[in-house]
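All chains should be built: construct the whole structure from the sequences, respecting the hints.
Here's the letter readout for the chains.
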Amino acid sequence: MRETSLVIKGGRVIDATGARPADVVIDGGRIAAVGPDLSADRVLDAGGCVVAPGLVDLHAHLRQPGLEEAETVETGSRAAALGGFTAVVAMPNTTPAVDSAAVVREVQELGRTALCQVAPAGTITVGRAGTQLAPLAEMAELGVRLFTDDGRGVQDTRLMRRAMEYTTGLPQQVVLAQHCEDEGLAAGGHMHEGEWSSRLGIAGQPAEAEELMVMRDISLARLTGARIHLQHLSTGGSVAMVRAARADRVAVTAEVTPHHLTLTAERCASYDPVFKVNPPLRTDADVAALRAGLADGTVDAIATDHAPHTAEAKEQPFDQAPPGMLGLETALVLALECSGLPLEAVLAHLSWQPAAIAGLAPEHGGPVAEGGAAHLCVIDPEAGWVVDPGASASRSRNSPFAGRPVTGKVRHTVLAGEPVVVDGEAQR
Amino acid sequence: MAPLRHLLSIEDLGGAAGIEEVLRLTDSFVEVSERAIPRVPALRGKTVASLFYEDSTRTRLSFEAAAKRLSADTMSFSVSSSSVKKGESLRDTALTIEAMGVDAIVVRHSSSGAPQRVASWVGASVVNAGDGWHEHPTQALLDLYTIRQRLGGLDGRHIAVVGDVKHSRVARSDVLAFTALGATVTLVAPGTLLPPDLTGWPVETSHDLDAVLPNVDVVYLLRMQRERMTEALVPSLREYTARFGLTVRRAGRLADGAIVMHPGPMNRGVEIAPEVADLPASTIVDQVRNGVAVRMAVLYLLLGAGTDRVPTTDALALDPEEPLRRPAEVDA
Ligand SMILES: [Zn+2]
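Chains A and B supply the protein sequences, listed in that same order. Using the working numbering, read the first sequence as starting at 1 and increasing by one per residue. Using the working numbering, read the second sequence as starting at 1 and increasing by one per residue.
For the record, the hints were derived by calculation from the structure and aren't laboratory data. Where a beta carbon is used, it is the ideal one built from N, C-alpha and C, also for glycine. There may be inaccurate statements among the hints.
Residues on chain A that point at chain B, a partial pick, calculated with CB under 10 Å [stated by the list, open to error]:
hint, residue
1, 193
2, 196
3, 201
4, 269
5, 270
6, 273
7, 313
8, 316
9, 318
Restraint ranges, calculated between C-beta atoms of paired labels, are given here [as the list claims (entries may be wrong)]:
hint, chain 1, residue 1, chain 2, residue 2, range
10, A, 403, B, 92, 22 to 30 Å
11, A, 382, B, 55, 53 to 61 Å
12, B, 3, A, 270, 17 to 25 Å
13, A, 156, B, 182, 49 to 57 Å
14, B, 196, A, 157, 20 to 28 Å
15, B, 16, A, 158, 52 to 60 Å
Shown next as structure tokens:
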């Protein structure tokens, strides 16, 4: 029996090729037609809305396997779909870590029934221990395109050079992504080192702990010719170095998170670990530099660093609680509000640019055109709502934006032709 | 001053007026402490719990003595004797203690901000008895009281705070308290032991103790912990003492009438020479003695004070449950 066809009706289509009013007909998981006055078996109303390629998150912690009390692939992917994402790159700092073909397959298997595509990232080193290269080629063969020891940076400079040299020789185009943090300098720091850490009596990690590794990895990328991606940049100094490196044609891309675009270290004055994150919330000047980096194209992507933690884990003193914040359901709206960019540019940073970095293009992030994959989101830019972590689809509640009034909402999300979110409700 | 709900930071007292109020109340309780039976009924029926995640017998006993002299019931929880070792969250522990019906919780924790978190979860009043590197407000209040006793007041005085300011909750509370009452503060330490960013701190800094000493009314020595050496913050305790210890020679540079303070426990021979600790200029014993009266004032402000904040005659009267054992001359 033939699948029901679907039309997304009355919206304005925005993709990498531009914007135009159009209906979109989906049949058999792909886009069958784009144009005026189309019809199909089922109608999804998009009046007053924007129809765009589904969002792609380069940086989500889905916690499975190992920390299922905080999140699972199912619950995390539901949160992602509600946030307009049709694909997420799942960070490999699970238990066990995604450092072998077996664990890659396990996460891929969990992803088959998820509400968005789940692309597992692999680790760079075995067990994220930073001493021995993980089987990068074996994981690449299974489809892994992004490798990272996220949560830690690879500290050993020589080993990082080896990783870069090795990946340039792989048949697949892959990218090494780095959580930039010099552990010697950051050691013991729980927030940004500066005025507020000094006042609050909390050990800080200086901006330089991130910047030293950004500087090192740019040098190594120049040396080896490898493609690198710098994760969750948080300082003005980091953005300046990436800008200079790109002008110098080094193959480096970069992401920033919604929380680093909106919040500063001052929020830690409540001592509530919901504001504890790594890299830490920084200064107003850093926030301004990140926004400028987005505006001038230095920063390619907005990535969530969605990091669920149980209530008990966050009900400890600041220095004992783990770092991390929820992000999937609030990323788009915060990016709209705080990046200072028009919707078209926000979508570039949340959809087609990250899709290209993750090796998911053009299936994800590709133009909304006949024959394209039907991974789409429909956004109502005018809808107002209030962030309520209690209503989150995540298993965890650690959002620093609780109670914040925001404007702009994901109305529908379509994954391979299936409406997984309709009128803001997950369909399964 | 608005009613005081918690004492987590010196800033909760709302500046000079609030601090002066605590000091005035302390005067009353010093008088009570000097009685043969140093006990008043001010907090009869109230329960004060101490929740100590860090060993500090001195501070805990001082708070418990203060509560008992106010006729409050006391309960004591420490890490070793409760479930906190079993991985119970701070919130669960706080709620468990509150469920026992306490009116105030005195919290000591090695993590900065732990008392703030407890205060956000419970209905009881919370007193910070020292949190991480952050604050130790009752220590600062007893320091203020001691300086006022010795020097008459803080206004216009110059105070050097010497040593490991970076990791010191005492220093953070003292700087806020001393400057609120009009003193000038100079932090004296090697670069490794100063906070990395002093934006907003109304202080001067110096790396030269010899140069600072002749100009100060108070030299406040912080405890130098041995573990700071293994963290490469100073090359050796010997070198620290040579540059920042109050040796006999250095004490000779102090102006006449200047006093020497220390929050205890002292490392004699490291930050302070044994001979200097025993000089009449040293206030270390006074500080401990004033600690109980200051903590009585704080507990009274939180739990016993009416709207006018002045202790009623009843509150400061002799404990009515004591009459049989009351010596005849006590009322004098
Ligand atoms: Zn990271």
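Now for the hints, and whether the structure bears them out:
{"no.": "1", "hint": "193", "result": "holds (5 Å)"}
{"no.": "2", "hint": "196", "result": "holds (8 Å)"}
{"no.": "3", "hint": "201", "result": "holds (3 Å)"}
{"no.": "4", "hint": "269", "result": "holds (9 Å)"}
{"no.": "5", "hint": "270", "result": "holds (7 Å)"}
{"no.": "6", "hint": "273", "result": "holds (8 Å)"}
{"no.": "7", "hint": "313", "result": "holds (8 Å)"}
{"no.": "8", "hint": "316", "result": "holds (6 Å)"}
{"no.": "9", "hint": "318", "result": "holds (5 Å)"}
{"no.": "10", "hint": "A/403 x B/92: 22 to 30 Å", "result": "holds (24 Å)"}
{"no.": "11", "hint": "A/382 x B/55: 53 to 61 Å", "result": "holds (58 Å)"}
{"no.": "12", "hint": "B/3 x A/270: 17 to 25 Å", "result": "holds (21 Å)"}
{"no.": "13", "hint": "A/156 x B/182: 49 to 57 Å", "result": "holds (54 Å)"}
{"no.": "14", "hint": "B/196 x A/157: 20 to 28 Å", "result": "holds (26 Å)"}
{"no.": "15", "hint": "B/16 x A/158: 52 to 60 Å", "result": "holds (59 Å)"}
Of the numbered hints listed earlier, not one is contradicted by the structure.
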